[in-house]
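Q: Here the sequence shown is numbered in the numbering used here, starting from 262 and rising by one per residue.
A few of these clues could be false.
Straight-line Cα separation of at most 20 Å, EDC-like style, residue types lysine to aspartate or glutamate; simulated pairs [said to hold, decoys possible]: (1) Lys420 x Asp380; (2) Lys263 x Glu438; (3) Lys432 x Glu452; (4) Lys432 x Asp310; (5) Lys399 x Glu452; (6) Lys420 x Glu405; (7) Lys317 x Glu297; (8) Lys450 x Glu469; (9) Lys263 x Asp451; (10) Lys432 x Glu405; (11) Lys290 x Asp310; (12) Lys317 x Glu362; (13) Lys435 x Glu405; (14) Lys355 x Glu438; (15) Lys450 x Asp419; (16) Lys420 x Glu438; (17) Lys290 x Glu326; (18) Lys399 x Glu469; (19) Lys263 x Asp380; (20) Lys435 x Glu452; (21) Lys281 x Glu362; (22) Lys290 x Glu351; (23) Lys450 x Asp275; (24) Lys435 x Asp451; (25) Lys399 x Glu386; (26) Lys317 x Glu338; (27) Lys355 x Asp463; (28) Lys399 x Glu338; (29) Lys432 x Glu469; (30) Lys281 x Glu338; (31) Lys435 x Glu386; (32) Lys435 x Asp403; (33) Lys355 x Glu331; (34) Lys281 x Glu333; (35) Lys263 x Glu386; (36) Lys432 x Glu386; (37) Lys450 x Glu466; (38) Lys290 x Glu338.
In short, the hints are calculated from the structure, not lab data. Quick caveat, the model's predicted, so the values are computed rather than measured.
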Amino acid sequence: MKYLIFDMDGVLVDNMAFHKRAWVSFSEKLGCPLTEETLANVYGKTNRDTLAYLLKTELSDAEVERLSAEKEQHYRELFQPFLNPVAGLEAFLKVASQQFERLAIATSAPPANVDFVLDGLNIREYFHQIVDETMVSKGKPDPEIYLTSARCLETSPDKCIVVEDSISGVKAAKGAEMAVVGMATTHTKDELNPLVNWVVSDFNELLELLPVIQGKAPVTP
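Using the sequences provided together with the hints, build the complete structure.
A: This is how it looks when you write it as structure tokens:
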């Protein structure tokens, strides 16, 4: 397997609590307060899908753009003081960029949030390809975003490994027939373990696991 594809939110940064806070306050403003069950159903989805789920109606492109921009600006303001990578990220990227043909990102986030994270952490240089919400019509758990990423990388899904944190993201990657590493930020290892090929807490653990996921070392019982 030569290509490593990362989800962004909940993988490169442990930020889902800040998205939750932003959605909670924003949904109250819209008059449709969020429940924990609703939040679980929207993690990993595009803003269009999330807004349609919350408002129970289809929105025009202009309405989606306006509402999404407002919510995401609020999220960035909340998260800015806490913008830090998941433990071990930069050291992992340095090694992975030498051991994989290419690294890529496949995220349901809008371009402004991608810029916010990659430029804020100064890690853009490591990624050859970025697929964001503007490049797909269906959100996770539909596999479109990962199939699009493989196509942009000019490779086949069986040569890709995905790093994901959300259940919907894992389902999307599995639907694309890709191997998956679960990052236990949004969900616990116990929740992710039955659904993924491997599960880790952070990039320090993933760095230690690299020989295994690349098939260069036996799996330890």
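Q: Hint by hint, note whether the structure agrees.
A: Hints and how they fare:
| no. | hint | result |
| --- | --- | --- |
| 1 | Lys420 x Asp380 | violated (28 Å) |
| 2 | Lys263 x Glu438 | holds (15 Å) |
| 3 | Lys432 x Glu452 | holds (13 Å) |
| 4 | Lys432 x Asp310 | holds (16 Å) |
| 5 | Lys399 x Glu452 | violated (25 Å) |
| 6 | Lys420 x Glu405 | holds (16 Å) |
| 7 | Lys317 x Glu297 | holds (17 Å) |
| 8 | Lys450 x Glu469 | holds (17 Å) |
| 9 | Lys263 x Asp451 | violated (28 Å) |
| 10 | Lys432 x Glu405 | holds (11 Å) |
| 11 | Lys290 x Asp310 | holds (18 Å) |
| 12 | Lys317 x Glu362 | violated (43 Å) |
| 13 | Lys435 x Glu405 | holds (11 Å) |
| 14 | Lys355 x Glu438 | violated (27 Å) |
| 15 | Lys450 x Asp419 | violated (24 Å) |
| 16 | Lys420 x Glu438 | holds (10 Å) |
| 17 | Lys290 x Glu326 | holds (17 Å) |
| 18 | Lys399 x Glu469 | violated (34 Å) |
| 19 | Lys263 x Asp380 | violated (25 Å) |
| 20 | Lys435 x Glu452 | holds (16 Å) |
| 21 | Lys281 x Glu362 | violated (35 Å) |
| 22 | Lys290 x Glu351 | violated (38 Å) |
| 23 | Lys450 x Asp275 | holds (15 Å) |
| 24 | Lys435 x Asp451 | holds (18 Å) |
| 25 | Lys399 x Glu386 | violated (27 Å) |
| 26 | Lys317 x Glu338 | violated (27 Å) |
| 27 | Lys355 x Asp463 | holds (15 Å) |
| 28 | Lys399 x Glu338 | violated (27 Å) |
| 29 | Lys432 x Glu469 | violated (25 Å) |
| 30 | Lys281 x Glu338 | holds (13 Å) |
| 31 | Lys435 x Glu386 | violated (27 Å) |
| 32 | Lys435 x Asp403 | holds (10 Å) |
| 33 | Lys355 x Glu331 | violated (35 Å) |
| 34 | Lys281 x Glu333 | holds (11 Å) |
| 35 | Lys263 x Glu386 | holds (18 Å) |
| 36 | Lys432 x Glu386 | violated (28 Å) |
| 37 | Lys450 x Glu466 | holds (12 Å) |
| 38 | Lys290 x Glu338 | holds (17 Å) |
In summary, the numbered hints that this structure violates are 1, 5, 9, 12, 14, 15, 18, 19, 21, 22, 25, 26, 28, 29, 31, 33, 36.
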